[in-house]
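Residue numbers (the working numbering), protein chains in the order written: chain A, 1 to 382; chain B, 1001 to 1382.
These are calculated hints, taken from the structure and not from any lab test.
What you are looking at is a predicted structure, and each value in this text was computed from that prediction instead of being measured.
Mixed in with the good hints, there may be bad ones.
What the hints assert, rightly or not - Simulated crosslink set (DSS-like; lysine-lysine; CA at most 30 Å straight-line):
| # | chain 1 | residue 1 | chain 2 | residue 2 |
| --- | --- | --- | --- | --- |
| 1 | A | 323 | B | 1136 |
| 2 | B | 1083 | A | 136 |
| 3 | B | 1165 | A | 170 |
| 4 | A | 117 | B | 1083 |
| 5 | B | 1353 | B | 1257 |
| 6 | B | 1089 | B | 1165 |
| 7 | A | 257 | B | 1066 |
| 8 | A | 89 | B | 1165 |
| 9 | A | 327 | B | 1066 |
| 10 | B | 1066 | B | 1136 |
| 11 | B | 1170 | A | 323 |
| 12 | A | 136 | A | 89 |
| 13 | A | 170 | B | 1066 |
| 14 | A | 327 | B | 1089 |
| 15 | A | 327 | B | 1257 |
| 16 | B | 1089 | A | 257 |
| 17 | B | 1367 | A | 257 |
| 18 | B | 1168 | B | 1257 |
| 19 | B | 1320 | A | 170 |
| 20 | A | 311 | A | 323 |
| 21 | A | 329 | A | 170 |
| 22 | A | 117 | A | 168 |
| 23 | B | 1257 | A | 168 |
| 24 | B | 1366 | A | 170 |
| 25 | B | 1329 | B | 1170 |
| 26 | A | 327 | B | 1170 |
| 27 | A | 168 | B | 1066 |
Each chain, letter by letter, is given below.
There are 2 protein chains.
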Amino acid sequence: MRILILGGDGYLGWPTAMHFAARGDEVCVVDNYLRRTISQETDSDPLFRLPDLDERVAEFERHSGKTIKAIIADIAEFDQCSKIVEEFKPDTIIHYAEQPSAPYSMLNQPAAALTLKNNLGTTFNVIWAAINHNPKIHIVKLGTMGEYGTPNIDIEEGWLEIEHKGRKDKFLYPRAAGSLYHTTKVLDTDLLWFYVRTYNLRVTDLMQGPVYGLITPQNVGNEALFPNFHYDDIFGTVVNRFLVQAVAGIPLTVYGKGEQTRGYLNLNDTLQCVALAADSPVESGDLRILNQFTEQFTVNELAERVYDAGKNIGLEVEIKSIKNPRKEKEEHYYNAAHSGLLELGLEPNYMTKEILSEMLVHISAKKDNIETRKIMPRVSWS
Amino acid sequence: MRILILGGDGYLGWPTAMHFAARGDEVCVVDNYLRRTISQETDSDPLFRLPDLDERVAEFERHSGKTIKAIIADIAEFDQCSKIVEEFKPDTIIHYAEQPSAPYSMLNQPAAALTLKNNLGTTFNVIWAAINHNPKIHIVKLGTMGEYGTPNIDIEEGWLEIEHKGRKDKFLYPRAAGSLYHTTKVLDTDLLWFYVRTYNLRVTDLMQGPVYGLITPQNVGNEALFPNFHYDDIFGTVVNRFLVQAVAGIPLTVYGKGEQTRGYLNLNDTLQCVALAADSPVESGDLRILNQFTEQFTVNELAERVYDAGKNIGLEVEIKSIKNPRKEKEEHYYNAAHSGLLELGLEPNYMTKEILSEMLVHISAKKDNIETRKIMPRVSWS
């Protein structure tokens, strides 16, 4: 397959590129370094040195003998997006090209404007590149479980049959997200669904939970091929923050009550899921929505898991609740379906003590790089 | 009240400005002439000569002794939007500043991009102007009944309580619109709801059906104060097209089967509704959604009404079905709630034979201006 990966410099984009290239697909990655730019501007540098995309591609070629084509371009500019799709002629576009930070999207008006413009803009341009050049391209879009928010009813996979006053219809599952970033993904889905049903496009929208992990079969033993690892309040996930806090010997900071439940998955499972989606494209006119996570637990449970893993390698871990900088329910019902990807063949890698311990060992090797000032919340939802 | 009307040059914006000014409110209108620009570019000029905003304001002052402040500016540019809100200090913002044509939004990629950028951009900027300058401003946003599409269950006013597997929650009513223009209004509502619940803004979202009418108490006998009247396939509503076809002696063109049902309302009822909404602002943190129409009927029934009104003034009217340029259900269930505005005090003006006849008389006076080449569909949904 010819696979075009947008946002190919990202935490998921880069491992995805290596994954497809390693199995023999023809891979082109595009990125405009937006995340690098923002992380520099917000004093949110990653823990490991991050070679630029050209360097990574060259290193991957040395390491594996496989090639990846890299283009530095802005998918939010239609001419650039259109030209790349026209020339590369992808069978599948994997669309990660979004500003990925919820806190950044809540920082101020300019940051919110950038997030809205970039995220809607890239999705819109991918849609129109497909309409203009080849409506048969299978677009695999990364959404987020955060689109659903925390409703008081079971979360289904994208769609909901509703019975109302004795009549029935099927709708996109109603969504209410917790940040502007997550809301842009709600809008992306609305936009994709409109164009899918109007122009018979082919789209899979993967509603993904928070991803953790560093090592994939393609980067074992080669740090230059690691994905970016952010632990700051802006780009770091709660998993990364907790792991770094454990290594730095400072308390794990649980936001509020810590009963916020989310669905998590291993980086290697993201690679599996995206490949399973790409290998089973949907029909023209179909928007397939899959909930992409393997296990769901609360922030308190996550803290306990990191505590246990820390103990396992001799770290003394403390857990502390701090004021929640976000506006979110800290105790809520949460039960989300996630059978679609299992049916496609996903074999989950769960968040075991061994996996967390392995991450802690890698982080410990970079302990001197940890800058604790970056960890506490700098952005508040008000 | 201090009322800021965005899109104040529009079909509804201008009559709204006169309505509030006439009753003694302090009114400022803003427009960037986007609709005028597009209607020129697409050969879609209105039937009546349209004085520019400065001319209209001067004429209104002569006519009524009341003043309206007019600013030519682009609300999609945040600096301009923010400065106007900061300086005018509105109590209420009435937000009509959107690219209003469904067919234009489906013309091609540049037209779609302009629609998305303008409509989301103006809404986003209004939100942030309120956050930055005064979150207590009541934002009255014009949505559209088209956000709901044509679901197979009853349409409620904005919200739906859903029971699913024995549990319940309340959600924004799930929406699936029929054009990109209508979809941008779905996205507007999503965006407004996110910021309302996160920053305690005050918003009323009026889901309006197609509006018809020319004459309001403020422009009787003064054509220079008429709203724009488009009858072309891009900016003209189905009502205007039918009326002009009746006057021109060409068949009324029903798209497809003509069983498409929509909720309609009189221009004077829009003025009532917007004033009722403005006069009863919602609390901070509330998004109130009201369905703004007074009666619902099919396109075939509309054609019959125009036929009858034409007969009434001696016109011979023919009705003809043509291939539907849109992708929409031509037969469907439709039953939409609309009690909220009636409860606020709306006194409907229905689409009577007299009202349609009066419009036909005004149009007949401009019969020589009718350019029939503009009426047939020039944009198709594929």
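To see whether the hints hold, each was checked on the structure:
1. With a C-alpha separation of about 26 Å, the suggested pairing of residue 323/A with residue 1136/B holds against the 30 Å cut-off.
2. Under the criterion of a C-alpha separation no larger than 30 Å, the hint pairing residue 1083/B with residue 136/A is inconsistent with the structure, at around 46 Å.
3. Restraint check for residue 1165/B and residue 170/A: the C-alpha separation of about 15 Å stays at or below 30 Å, so the hint holds.
4. Restraint check: the Cα-Cα separation between residue 117/A and residue 1083/B comes to about 21 Å, which is no more than 30 Å; the hinted pair holds.
5. Between residue 1353/B and residue 1257/B the CA atoms are separated by roughly 24 Å; this keeps the pair inside 30 Å, and the hint holds.
6. Between the alpha carbons of residue 1089/B and residue 1165/B the distance comes to roughly 48 Å, so the proposed pair goes past 30 Å and is violated.
7. As the CA atoms of residue 257/A and residue 1066/B are separated by approximately 57 Å, the hinted pair breaks the 30 Å bound.
8. As the CA atoms of residue 89/A and residue 1165/B are separated by approximately 45 Å, the hinted pair breaks the 30 Å bound.
9. For the hint linking residue 327/A to residue 1066/B, the alpha-carbon distance of about 45 Å lies beyond 30 Å, and the restraint is violated.
10. Proposed proximity of residue 1066/B and residue 1136/B is supported: the alpha carbons are some 27 Å apart, at most 30 Å.
11. Only pairs whose Cα atoms come within 30 Å are accepted, and residue 1170/B paired with residue 323/A is accepted, the gap being roughly 28 Å.
12. With a C-alpha separation of about 11 Å, the suggested pair residue 136/A and residue 89/A falls inside the 30 Å cut-off, and the hint holds.
13. Only pairs whose Cα atoms come within 30 Å are accepted, and residue 170/A paired with residue 1066/B is rejected, the gap being roughly 51 Å.
14. Distance check on the hinted pair: residue 327/A and residue 1089/B sit about 28 Å apart at the alpha-carbon level, within 30 Å; holds.
15. Restraint check for residue 327/A and residue 1257/B: the C-alpha separation of about 49 Å exceeds 30 Å, so the hint is violated.
16. Between residue 1089/B and residue 257/A the CA atoms are separated by roughly 40 Å; this puts the pair beyond 30 Å, and the hint is violated.
17. Distance check on the hinted pair: residue 1367/B and residue 257/A sit about 70 Å apart at the alpha-carbon level, beyond 30 Å; violated.
18. Using a Cα cut-off of 30 Å, the hinted pair residue 1168/B and residue 1257/B is violated, with the two alpha carbons roughly 39 Å apart.
19. As the CA atoms of residue 1320/B and residue 170/A are separated by approximately 34 Å, the hinted pair breaks the 30 Å bound.
20. Among the hinted pairs, residue 311/A with residue 323/A is consistent with the structure: their alpha-carbon atoms are about 26 Å apart, no more than 30 Å.
21. Under the criterion of a C-alpha separation no larger than 30 Å, the hint pairing residue 329/A with residue 170/A is consistent with the structure, at around 28 Å.
22. A hinted pair counts as satisfied when its Cα atoms are at most 30 Å apart, and residue 117/A with residue 168/A does not qualify at roughly 36 Å.
23. Distance hint between residue 1257/B and residue 168/A is fulfilled; the C-alpha atoms sit about 24 Å from each other, no more than 30 Å.
24. For the given pair, residue 1366/B sits about 47 Å from residue 170/A by alpha-carbon distance, which is inconsistent with the 30 Å threshold.
25. For a cut-off of 30 Å, the pair hint linking residue 1329/B to residue 1170/B stands: about 28 Å separates their Cα positions.
26. Of the supplied pair hints, the one linking residue 327/A and residue 1170/B holds, its CA atoms being roughly 19 Å apart against a limit of 30 Å.
27. Restraint check: the Cα-Cα separation between residue 168/A and residue 1066/B comes to about 52 Å, which exceeds 30 Å; the hinted pair is violated.
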